[in-house]
Structures are given as structure tokens and as C-alpha cells.
Amino acid sequence: MARFPRPPLNRIGLSPGKRARLHHLLYEHGPGGGTLLILPIDQGLEHGPVDFFVNPAALDPQYQYELARDGNFSAIALHIGLAEKYHHEFAGEVPLILKINGKTGIPPDNQAFSGLTGTVEDAVRLGADAVGYTVYVGSPAQDRDFAQLSQVRAEADRFGMPLIVWAYPRGEAVAKKGGRDSLYAIDYAARVALELGADVVKVNYPVASEKDADSPAPYSTLHLSPDDAFRKVVQSAGRALVLVSGGEKVGDEDLLRKVRSSMDAGATGIIFGRNLWQRPREEALRMTRELHAIFREYAQPPS
Amino acid sequence: MARFPRPPLNRIGLSPGKRARLHHLLYEHGPGGGTLLILPIDQGLEHGPVDFFVNPAALDPQYQYELARDGNFSAIALHIGLAEKYHHEFAGEVPLILKINGKTGIPPDNQAFSGLTGTVEDAVRLGADAVGYTVYVGSPAQDRDFAQLSQVRAEADRFGMPLIVWAYPRGEAVAKKGGRDSLYAIDYAARVALELGADVVKVNYPVASEKDADSPAPYSTLHLSPDDAFRKVVQSAGRALVLVSGGEKVGDEDLLRKVRSSMDAGATGIIFGRNLWQRPREEALRMTRELHAIFREYAQPPS
Amino acid sequence: MARFPRPPLNRIGLSPGKRARLHHLLYEHGPGGGTLLILPIDQGLEHGPVDFFVNPAALDPQYQYELARDGNFSAIALHIGLAEKYHHEFAGEVPLILKINGKTGIPPDNQAFSGLTGTVEDAVRLGADAVGYTVYVGSPAQDRDFAQLSQVRAEADRFGMPLIVWAYPRGEAVAKKGGRDSLYAIDYAARVALELGADVVKVNYPVASEKDADSPAPYSTLHLSPDDAFRKVVQSAGRALVLVSGGEKVGDEDLLRKVRSSMDAGATGIIFGRNLWQRPREEALRMTRELHAIFREYAQPPS
Amino acid sequence: MARFPRPPLNRIGLSPGKRARLHHLLYEHGPGGGTLLILPIDQGLEHGPVDFFVNPAALDPQYQYELARDGNFSAIALHIGLAEKYHHEFAGEVPLILKINGKTGIPPDNQAFSGLTGTVEDAVRLGADAVGYTVYVGSPAQDRDFAQLSQVRAEADRFGMPLIVWAYPRGEAVAKKGGRDSLYAIDYAARVALELGADVVKVNYPVASEKDADSPAPYSTLHLSPDDAFRKVVQSAGRALVLVSGGEKVGDEDLLRKVRSSMDAGATGIIFGRNLWQRPREEALRMTRELHAIFREYAQPPS
Amino acid sequence: MARFPRPPLNRIGLSPGKRARLHHLLYEHGPGGGTLLILPIDQGLEHGPVDFFVNPAALDPQYQYELARDGNFSAIALHIGLAEKYHHEFAGEVPLILKINGKTGIPPDNQAFSGLTGTVEDAVRLGADAVGYTVYVGSPAQDRDFAQLSQVRAEADRFGMPLIVWAYPRGEAVAKKGGRDSLYAIDYAARVALELGADVVKVNYPVASEKDADSPAPYSTLHLSPDDAFRKVVQSAGRALVLVSGGEKVGDEDLLRKVRSSMDAGATGIIFGRNLWQRPREEALRMTRELHAIFREYAQPPS
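If you read the sequences in order, they're chains A, B, C, D and E.
Residue numbers for the first sequence follow our numbering, so the first one is 146 and each next one is one higher.
Residue numbers for the second sequence follow our numbering, so the first one is 146 and each next one is one higher.
Residue numbers for the third sequence follow our numbering, so the first one is 146 and each next one is one higher.
Residue numbers for the fourth sequence follow our numbering, so the first one is 146 and each next one is one higher.
Residue numbers for the fifth sequence follow our numbering, so the first one is 146 and each next one is one higher.
Calculated directly from the structure, the hints in this document are not laboratory data.
Among the hints, a few may not be true.
It does not matter which identical chain is used: a pair holds within one copy or between any two.
Unchecked claim - List time: in silico DSBU-like cross-link candidates among lysine-lysine, alpha-carbon distance up to 30 Å:
| # | residue 1 | residue 2 |
| --- | --- | --- |
| 1 | K356 | K394 |
| 2 | K230 | K377 |
| 3 | K356 | K230 |
| 4 | K377 | K356 |
| 5 | K322 | K248 |
| 6 | K377 | K322 |
| 7 | K230 | K321 |
| 8 | K230 | K394 |
| 9 | K322 | K356 |
| 10 | K356 | K248 |
| 11 | K394 | K321 |
| 12 | K321 | K377 |
| 13 | K248 | K394 |
So here's chain A without its partners, still in its complex pose (with noise of 0.2 Å):
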């Protein structure tokens, strides 16, 4: 399949400082090339400690850590509270996204909406290189997530912080427009993180289903492949360099077709947190060597 150009540092309009961030995470550490592998771990916060019953090891923060050092990944992702009690011994080995809102998934997500756990300038002070910020894309309470992003994107220009925003179609509305994971609600979730300042964006791959019919015209009758559909969605993310998610954990077939589908789209590169730290050390650390095999044959220098 053709492949598609990410956008070039040197094009997109960015300040020295988040140029400087961005190329610190996409060419001296992981993979480089000018892409990304990034090992999130918020998911203590955002679904509890119930996702490291499968491997008891993930619960201890420490675990994922040494596996973003000795996988060498890009950078490592998470909240205030992990990065203040255990990102110092690796301060320098791994570059840090500090994520700096977030939610526990005990209410319904009928009205979602992430508040404030830190700020760009506590991402400053800690040394990261970029933040991380989850907007929920067509949530009742959108208006205060445009607000409180609106804040923080200020402060990211200020301080040449880039960010990079996790953009998420939730609530009521969407679920009545084909859903969260539909080719029409993530092709908007990832226009919206354009338009509202995103370096990056972080999506979900579109998955085709029944409930399509729900969207409206012309997604309802759209039936792209999912390569074409996750293209489309790159596309609109125009000059914001655009990770895929991982998702809950799937078989390794399916992963990796995934990371291929994704880079061949354009992308710059995955997220992948359950499917990576919810394996075991040895097997983990295979995966990520397969996944840093892949990203080498999409490496370019930098522009």
C-alpha cells in the first residue's frame, strides 16, 4: 500500500521549544526517525488497579518504568503522582508526557469530562516533554473541556510545551450517532484536536459496525476498509501528528497489523499501554524489540 507522509517538524509552525521537545522524543530516544512509542500509565487512574489482575507485576509503577528503559521507548506517559515518587530515578533515561487531567471510570460517561491533575508547568518543572490532555469530543460538557483545554494550550505555547491531546468521542450524543469507535466520531475527535491547538493527537482505530447506520451522511453509507477509514482520519488531523491508540489487549497478529495499517496511513506513531505492560517482562520486551523492527523501515531523517 502507498504510504503516507507524516507532517515535517520544519513546516508546522511550531515555537523552537516544542520543535526541541518534539524532536528529543522522535529522534534521541525509542525508535526515533522521527517516530513514536509511547508507554502509557494512566490507566490506574482512568480504570482502577482491575487492568493489572492479569499481571500483577503492571501494578507497581516501577514495573512499567524499567520496561520503558530497557524497551527503550520513546517516552512514558502518566499523572503528577507517579512522576513525583518514581520518575527521578529515571529522569534523563526516559523523557516524560506528563498527562495532566484525567478521571476514574466509576461514574458514567454519559457527560464526561477530565479535570485538572497537574499542569503544564508542573511538566516544566519535572523536566517532560510534552503533556497530555483528554478532551471528550461531543460530551454534553464539551464546553467546559474547550475551555479548560483552551487554558492549557495557552500555557503549553507559553512555556514551548508541546501537546499532546488524547481525543475521545464520548457521552450521550455520540452514542447515538454510531457511537465512540465509529469511523464518523473519531474522523470529528480528530478535526477538533486540529482546531483547538494539538501537536499531537492520540485516536482510537475506527471500527466498522452496524450501529454506522446511525451516523450521519455520508459516514452512515461510507463503508471504507479499515486501512482507507483510519486514513481518513489521519488526513484530518491535517499538520497535528497523529499516535494511535492500542485499546484493550489483542492477539499479536492483530497488533502489529495495526501498527502497520497505522504508519502506512501516516501516523507517527502508537500508544500502547495494556497491550505491552499487561504481558510479561520477557514477552513485552519481544514485542517491543518486533515493534521497534517495524518503525525502523519508517524512518526518516529529520527536516
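Model the placement of chains B, C, D and E on the given structure of chain A, informed by the hints.
Chains B, C, D and E only, in chain A's frame:
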């Protein structure tokens, strides 16, 4: 038909900063002569990528930027994310109007409210010549909206930044009184924008319908011609300059008649998005030339 | 039973200020040896004077202050009003933990949220060695709670003030998933405190019940022993030190067994209010001496 | 003589706001084509009304404003008081450069330092396209001057406002090393402006004299031609655009030769006050037309 | 000669942000292995364009930037103006140390004091990995200097930004006690930097002279070898990393001997400007390669 005069810049209480910036838009770019021809590209946020299906090239904001430059528009209007990622290549050549609030079209409009996506200071920093703010007149959320607009207006005053208000009737109460396109609702919205401090107000062209019967008297029995109806709206806007919105794509003849009707009524210009960038580039440029030709008829020297 | 280790102060990323203040509590007052024995007196706010009926002397905060001093507690924990009116006589002798948010028990708990009653700077001014903050994990208001906690946490970082988080599952969504005393809810709450930056987390001891069947899998079928359940909670708290809450008054035997179970699981100490000051002074002091005796078994040198 | 190129706007690290504002001055007003023809009227502060005796009409700032408008200057440069009292009539027609520090000529210059008279925010509010700041390079007070300039520069960065630095060697130490008009001093001053963040630097044209022998080697024996000397200064200014100062009134021939020499050396334009407004209006307009004719030879398209 | 160890990053109380940024300089760019090879280009401000006569190409800061990139330096060190105008092309490839105070060489040094030219926040915004501050130890103005440094240090702590102190003995009192190059003065300056919060201290290599007799005892009769003298300075700097300054251009052999002597003494690296960029490019690159070869001998793994 008699032409109605536009408010002269030297009579409407503008601070020097607002006046200098409006002069830049009204006389130094676009058709000039005191008119405005603005290309908005906020539909990716307001409607989603769905608006770009009819002309896939338009999904890339570079398309609209080149159209604005090559078609010699007075300005382009968009949100912070597009401004930061695309404007740097056109800074100076294409004047910028920064839209600073918005929402997606996913949740229903019955409680419509647009959260902030940027600030007046962002507009200053980017060298914009105006900010755009959407107020949903008549929405149950209008109290928050007015308070938010009030803060934006105060910041705009502080920085000498012209404030363009997208004055849209919306919400369940509007729906019961003739609907968002009724003369009743649009006329009211134009006046609200004037009352709350708009320097320029963007309104839709009212559409008569049988639902007008639900409007309060005497609107319910007014039956004005389209020309007269729009002229009434312009008069309600007082010393706020008026922009007429393009709305959904319509035929050429209809479009040009709407433009003439608006300008005759005393409008300062038009803000047409889909009616231009949903066309292929050459057709869009041809239509733009026709618009320039019309605007030349309405040119006036600076006051 | 095997004893689980407590997090050592020199490994958990503490700033010098936090470390000095925790050292003061853990080694220079109370039972020492790296343990905490804290006397809380915030029940007058949370429950009202009703809690003092069983021992009317306890209505006068002087009673608890003298108990804390004469029983050699590690610290007393209370709100700003009590601190300002009573602490001056004990400053230096009884270390202070300033509780800085709270609520009454009058409205229902389905949207639980505690507003601020003081600031970290108040704590600094009063010479406190820590601040206490209650977060209601899972409450529909948790977005506001996280944002408020985030600001408190940032202030605590700025001033080197240890942050003790009262991590309480609450609200209508918690009630539907096993309730506030379920392992699911308490385990999640402990992790949330860690993620959001608690240096110390106060948790309740989980209580198994048939409502556990409403918890998400695998909690719904876990059926851990009390000891094992609490140990799980301590592990979820990671590098946050754990305090176990006393809750309502229980019998001596139950109380002491709970203390041993907690300390064996790796807790750093206990925070017992009603179980101590609802007793007559002499009985309270006798029980305190028993607690000191137990704590001596768990003493360790500074790290 | 070979012409040296001017720094292109798209290569010199300008933010979008600075670039848009400089574009306004360099291409949309005045002679255009990337040049600057600026009329300063800060002599009333710097020298006092004495400068207006030769042409009493010039005592009224309206005189200079009309000259700037009718002579089509790129901008007028003056202090806040004149801007507030006179600019409102010309806002939009005559671009504004707000001079934000200054002093009188009454005390001696041996410890020269100019206090603030306005702020960058004043410039934003008034719709100015640049601010002007005088730094006295080599003055014993230069430490305070640098700190003050640093704050102005940071505000200019924050608001995207171009910073024009009047780089003047002054003070007793300068006098001992060849004096304020020596190549040594002016060359140094140009570099200092570059180092401290000037977007545009205003310099005097160096004048060779026997005092050059007091300059540090190799300046003491350099003996460059006036053209070569000025070219050296332009090169020391690097990516800061260079404006040459008019200084005291001189004969037409001398004036025009200085202009050509400066433009050949890579200067972006001139800032001539007394040499224009000390002439009667008609003579000033005639000279301005001659300057426009010269500037047209140096016109270049936007980069 | 025995080699003295350098302070290990994990033992010297660095916050995570400082540690991450120093790791970037010490291990990810330049010779690595815990060493620093820094190219300063602040001489245009401190000495004026006079320093560029010997190699005119060096007048253009692009020259030094390309040298830093092609010679693989750990970082370039310069003032805000050069950073804003030239760094954007090298952001990510060449780490930045922002020098934030400075002065010209025009006034005499008897009351030496350097005013601020930038801020720690500027450094954050530009993605710098450290700030540089010059303190004139022993100057009559040192009270203002210490206060200014104290504010810079506090900002650096707040943002996790490493602070590199140019510790220079200067002023009329220093001149009377052996002079600015005496062991007495340099040893004192190194300790002052440690006392005032430097993370890294830049010192000159002491030069024995007969003026040492004017130094206080026992310095007046110490007569240490150059190696021993420098080792004493490094020991006085304690847990501040030491950079040795290049000073004026000297012969190759002298230069390399100074480097070895410094590294043997426990210095972390060198900051050589004129000794490198006053050479023609090829010769500068050759010398840089020799320096890399030496640094490889001193490489150590991260601590």
C-alpha cells in the same frame, strides 16, 4: 433600490487600535473601499469533516489559505489550532480573524453554548486584526454566554481588538417562536450583538416561513420582502457593522442576489465559507472575482 | 504472617522540605521508628456535635489536644478554626496536620465534594507538618475535586509540605458498584491518591459484603481474607505511605487486630479518632499505650 | 557598488504576529517592497521645542502627522502622549511605532539612561505595528538599561510586537574610546542590539575622525571608507533589520548619498525626522518623493 | 596523575527536571559519557565585534551554529537575541544554554555588574537545557549581583532549569588582592558559585604571577603547580559541576594540556569559544575532533 449607508469608522466610537485594525481589513486587503469579504474555516469544528466530502481538497486548510490569498479576501477566520499550524506561511499576506469560541455539532442545540477555544491575547500575539465570538441568543445557557462574551469584550477593548460577534438565535425557546431563521429571531440577535459590544455582527439572512406565525406580534404578521427583512436587521444592528453569512451552498444566482440585497441594505460585507471552498479552486476563484466586481460598486473612501 | 515493607523516605522522590517534615512526624514524635499514630478531630465538622455525646468532655478540643500530648501522638489533625484557637498552647509539643477541606454530613453523599477550609500556606504559617485533603473518588463531582486537589498538591509541592489524602469512595456511582467499603472501591481510591500526588493516603479498611457482587470483575468474585484485601490496597498505594482509618468505635480486640493487620500489610500507621477520644481519658491513654507497644514492634531506623 | 541583501522575513525566526506587523510596514504602507521610510517625532522630548524653531509649523504634531500621511511614510514614531492626543485622526492611514522610553537633553549624557514612557501593551491597544526603545550602549547605567530592555523585549515577544532598538553609544566610557559617532562604538552598538533581541536596529551613520585613534585595536587603525564602514555595521547587526538615522539636518545631496550608501549596504530603510519636518511642507514632500524614487530601486517581493 | 571523580548526578540533590536536562547535555549530545563541550558565543556582547576580526566568517552567528552542529558540541551558549533569530533552524539538533545577563566591555570593570538580558522563562520557552548567569565575585556591586542571581536561582529551581554560573572575580578590590586570574580569586569565586546555588560553575584556569603576593595568606605563599591549583578550585566547587573557560586564543598544545589537566582534576568539561571559532572552520573541526578524543577517555556511564 435605494442604498442604505454603512456606519462610518470615524463616527462609531472606535478606539485608535480598533480603528487601525478595521482599516486594515476594510481598506488595505480584500475588495477594499470599506467592504469586507471574509473566508471562514471553522466548519471542521462546528460541523466536522463532513463538510469537506463534496470537495476533498478542502480538508487541508492550506486549500482555504491559498484561496484567501489568491482570491484576495479581506481576511480568513478560523480557530487557534489552524492559526498556529498554518498561518505562519501567510502572516502579513492574509489578514487573520481569530475565532475564539466554538463547539461541535454532536450534542443537540437545545442548550447551545460555545466554550472558549482561544483568547484575545492569542489574537494579539498572532497579529490578528479581529476576534470572532459566537453568542447563542435565546439559548437557555445565554447567561453563561453573556458573561463569557462580556469578558471577551473587555479584553478586546483593553487591546484595541475589533470584536466580531456571530449572533445566532438558538435553543429550544427560539425553536418555539419561529425558529432560528425567522426575522423575529435574527432581528433580535442583531440587536443583542449591538447591545453587548460587537463592533461587527455576523447574521444569517432571514428566511420567511409559516413558522413565523409562532413569533411574537407583530413579527407573526409582518410578511416583509426578503430585502426589507434584511434591511430591518441591519438597522437593528445600529453602529455595529454587518456581515451576512453564506450558510449552506446555494446556486450562483441566489448567492449573488443575496450579496447585492445585503450590500444595498447597508451591510459591510459577507462571510462565505462553504459557498466558496466547497467549489473546485478555479470555480471558487471565478466566483470570488464576481464578488469583487460587485463590491467595487459599493466602494467608498475612508471616513 | 509475613510483613510487607513500608516505602523508605529516601527512595520515594520527596523534596527536602517534605522529607524533613515527615521525618519530624515519623521519627521525632509519637511511637517513632517510621510509624504514625495520628489523632483526628475533624468529626465536629463532618458529623457534627453528635459524635461527642458519648464522651461529653471530648466536645472541648482541649480534651483531644491534651490526649494527643499526653498520649504522645505523632500529630493531631484538624481544621483551621481549631488550629487557630487551640494550637497555640501546644505548638511545638503536638505536631499539627492541617485538614484543609471538608463538608457537613447534612446533605446526601450522592454528589459528594468537600470545599476548601484552609490553604497550604495556612499550614506553613501555623508550623504544621502536613496538610490533609479529602477526595471523593468516583463522585459525579470528581472533576471539580481533582482540579481542586491539583491546586492543593501544587501548593504543597511549592512549600515542601507533605500531602495526606483522605481517599474516600463516595457517590451514587460507587453505591451501584459495591459501595464505599468494598475492596473494589477502596483499592481504586488508594490508587487514585497515588496518581494524584498523595504523599500519604488515608484509607478505610475494606469490608467484604454481598454487595461485592456488584463490583466489576474480578472484584465481584475475589473473596479475599481481610488481611489479604488490605494488603492489596497498600500495594495499590505504591510509594504513598498508608494510614488506616479507625472509623466508628469498635471493641478493643477488633481494633488491635486491625492495627496489626494493617502494619503487617505495610501500612505506616493509623489515624484513630472516635476509637480513642470517645473513651474516657484514662481508658484512651491506656489504649494508646497498647498501640505504642504494638508500634514498637514495627519500628525501623531512618532510611 | 555591489548591493548587500536585506534579511528576508521568512528566515529570521519571527513569530506570526511580528511577521504580520512588519509586513504591514514593509509592504503595505510607505514605499513598500520590503523597505521602511519612518518619520520620527520624539525630538520634542529628547531635545525640547528648540528643534521646532527653524520651522515653527512643526511644533504642532498635526504637521508631522499630515506629512506622514501625505508623504506616504511607512510609519510615524512618537511617544504615548502624542499618540493619544493626535493618532486617533490618522489611525489606519498612518501606521504607528510607539516609542516607549526616552529622556530630555537637559542633564549631561555621561550616565545616559532612558526611563520608560509607555508599554508594549499601550502599543497593542493603540494598534501600533512596532515599539521603539533606546538603549545607551556603553553607558555606566547599561546594567539597568539591559534589564529594562529585557522586560520590554519579553513583552514584545508575548504580544508579537516588533521591537525597534535605537542603539546609541553614549556615556563617559564611550567618549574615551573614540566617541559616539566612531565606527568602533556604532559597530558595537549594532551587535548589542542584535544580541539583546532587536528585530530592527536604528543606528547612526559612523563618522571617521581623529578620535578613532582612541578606539580599541583594530578599529584605531582601520580607516574604512564611509560606505565600507556602514556596511560593516549592517553585518554586525546580523538578522536585525537596519534603519539609518538622519541626525541633524544636512544638505540634499549629502542626505541622498547617505540613503543610497545605506541601502546598498543592506539597510532596510531610513528614519529621518529633522531632515524632513524642519523643511517647509512643500519642500519636505518634494524630498519625500525623491526618497520614494530611490526606495523603488531597492524594492523586492515578500519572502 | 590520579584522576579526581566528578560529582554523580544522582547524589547532588538535583530535581527531576534539572537532572533530565543535564542528562540531555551530558549523555545525549556532544562527547557524552558525563562530559560537557560547550561553544559560547556571547563575546559579541561582552567584547564587541572586535573578536570577529581574526576570522570574519565568525561575525555571522550561523557560523558558530554550524560549528556546534557539525562538531557535535554538547550545547551552544548565547543571548536571547541570537537565540530568537538563529536557533529556530537548529532547535533539537543543537542544545541551547541561554545566557541571561551580560554587559559590554566599554565601561571599566571596577564596578562590574551584568544586567539581565533574558529570563529563565525565556529559556523554558525556547527549549533550552540550562541558563547561564555571570556573577562578578568581589565587585563593589556584588550586593545587587547576589540579589539578582538569587531571583534567577529561584526561577531556575521553580522550572527545573539547571543554572550555570560564570563565576568571575572582578572589580577594584579583586585587583588589589592578586587580580582576577589569581588562585585566591578564582578559588573564592568557585566556592561562591557553590554557595549561591550554581549547578554548574564556569571558572577560569588560575594563572600564577607575582601579584599572588598581594593575595591574603596563605594564598600569597602557596605556589601550587597549575594542576594542583586547578584541582583546588574544583574541590572548592564541591557538588557544582565545573566547566573550564578557554579565554583568549592560545596554541594547540597549551590548549590540550589545559583540557587534560582540568578533566584530571575532576572538571566536567570545557566551554571554549574564541579558541575554536576564531579558527577557520576546518581547523576548528579538526581541533574539536581532538577534544572529542580526549573526552572519550573520561567517559563514564550515567549514575
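We went through each hint and held it up to the structure:
no.	hint	verdict
1	K356 <-> K394	both (23 Å within a copy, 29 Å between copies)
2	K230 <-> K377	between (40 Å within a copy, 19 Å between copies)
3	K356 <-> K230	neither (43 Å within a copy, 34 Å between copies)
4	K377 <-> K356	within (19 Å within a copy, 40 Å between copies)
5	K322 <-> K248	both (24 Å within a copy, 17 Å between copies)
6	K377 <-> K322	within (18 Å within a copy, 39 Å between copies)
7	K230 <-> K321	neither (41 Å within a copy, 32 Å between copies)
8	K230 <-> K394	within (27 Å within a copy, 34 Å between copies)
9	K322 <-> K356	both (8 Å within a copy, 28 Å between copies)
10	K356 <-> K248	both (27 Å within a copy, 24 Å between copies)
11	K394 <-> K321	both (26 Å within a copy, 27 Å between copies)
12	K321 <-> K377	within (22 Å within a copy, 39 Å between copies)
13	K248 <-> K394	within (21 Å within a copy, 33 Å between copies)
Comparing the model with each earlier hint shows violations of hints 3, 7; every other hint is respected.
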